[in-house]
Amino acid sequence: QVQLKESGPGLVQPSQTLSLTCTVSGFSLTSNSVHWVRQPPGKGLEWVGAIWSGGSTEYHSALKSRLSISRDTSKSQVFLKMNSLQTEDTAVYFCTKYFDYWGQGVMVTVSS
Amino acid sequence: DIQMTQSPSSMSASLGDRVTINCQASQDIGKNLIWFQQKPGKSPRPMIYFATTLANGVPSRFSGSRSGSDYSLTIRSLESEDMADYHCLQYKQYPYTFGAGTKLELK
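As they're listed, the protein sequences go chains E and A. Sequential numbering of the first sequence, starting at 1, is according to the working numbering. Sequential numbering of the second sequence, starting at 1, is according to the working numbering.
Hints listed in this document are in silico derivations from the structure and should not be mistaken for laboratory results. Just so you know, not all the hints are guaranteed correct.
Unchecked claim - With a Cα cut of at most 16 angstroms, we get these calculated EDC-like pairs of lysine to aspartate or glutamate:
1) E:Lys43 <-> A:Asp85
2) A:Lys42 <-> E:Asp100
3) A:Lys42 <-> A:Asp82
4) E:Lys64 <-> E:Asp89
5) E:Lys64 <-> A:Asp1
6) A:Lys39 <-> A:Glu79
7) A:Lys107 <-> A:Asp82
8) A:Lys39 <-> A:Glu81
9) A:Lys39 <-> A:Asp82
10) A:Lys92 <-> E:Glu58
11) A:Lys107 <-> A:Asp17
12) E:Lys81 <-> E:Glu58
All figures in this text were calculated on a predicted structure; none of them were measured in a lab.
Turn these sequences into a full structure, and let the hints guide you.
This is how it looks when you write it as structure tokens:
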């Protein structure tokens, strides 16, 4: 069955780089897009970006300068890298297969 | 960016009530809208695709409708398991944008 699981550090220092991994199973990354969505504590959802089946990427315009999404199809993994982290980046980060299947999310706290 | 104005931000209702949640798009998004349900500590669950199509396994008391740039999610007869946050998402244009969410509570 389709599964996605996010992994990464729970705590990141301000100005540092966040690296998250989304490990998927039950579907192929070469046939499906994977999106990242985040949710600050107690707030709404925000689309972060995506990597499409052909490998092209799209990023939220407000995050574009700090964000990179890539993948390793042989390992069924999608990667999110965001640099220059600030406290406003504190959120639960979800990966999702085009919004039908979602990972459980990983809480990332930006704090010194 | 396309703004999705969602209302109300919160509401309380009684079991058996008919409940409607709205999203208004600032630009034409056609039928490129998804409604999600999210319970505390859980991932969003898609409820309605293409503005009006019920997702697999979603009870028939849920429905979606569209009138121009106004989109609605309706729960025909509220049940206790429906207490959750609800979000709309437009995927017509980048960046994809969500509404601010509606918290649905039991009166």
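Now the hints, each set against the structure:
1. Straight-line distance between C-alpha atoms of Lys43 (chain E) and Asp85 (chain A) comes to about 11 angstroms, which keeps the hinted pair within the 16 angstroms bound.
2. Distance restraint check for Lys42 (chain A) and Asp100 (chain E): the Cα-Cα separation of roughly 14 angstroms lies within the 16 angstroms cut-off, and the hinted pair is therefore satisfied.
3. Simply put, Lys42 (chain A) and Asp82 (chain A) have alpha-carbon atoms about 14 angstroms apart, close enough for the 16 angstroms limit, and the pair holds.
4. Distance restraint check for Lys64 (chain E) and Asp89 (chain E): the Cα-Cα separation of roughly 14 angstroms lies within the 16 angstroms cut-off, and the hinted pair is therefore satisfied.
5. A C-alpha spacing of about 14 angstroms is found between Lys64 (chain E) and Asp1 (chain A), which places the hinted pair at or below 16 angstroms, so the restraint holds.
6. A C-alpha spacing of about 14 angstroms is found between Lys39 (chain A) and Glu79 (chain A), which places the hinted pair at or below 16 angstroms, so the restraint holds.
7. At most 16 angstroms may separate the alpha-carbon atoms for a hinted pair to count; Lys107 (chain A) and Asp82 (chain A) meet this at roughly 13 angstroms.
8. Between Lys39 (chain A) and Glu81 (chain A), the direct Cα distance comes to roughly 10 angstroms. Compliance with the 16 angstroms bound is thereby established for this hinted pair.
9. Proposed proximity of Lys39 (chain A) and Asp82 (chain A) is supported: the alpha carbons are some 9 angstroms apart, at most 16 angstroms.
10. Simply put, Lys92 (chain A) and Glu58 (chain E) have alpha-carbon atoms about 13 angstroms apart, close enough for the 16 angstroms limit, and the pair holds.
11. Distance restraint check for Lys107 (chain A) and Asp17 (chain A): the Cα-Cα separation of roughly 10 angstroms lies within the 16 angstroms cut-off, and the hinted pair is therefore satisfied.
12. Note on Lys81 (chain E) and Glu58 (chain E): the hinted pairing holds, with a Cα-Cα distance of about 13 angstroms set against a maximum of 16 angstroms.
Figure legend: structure checked against the earlier numbered hints; every hint is met.
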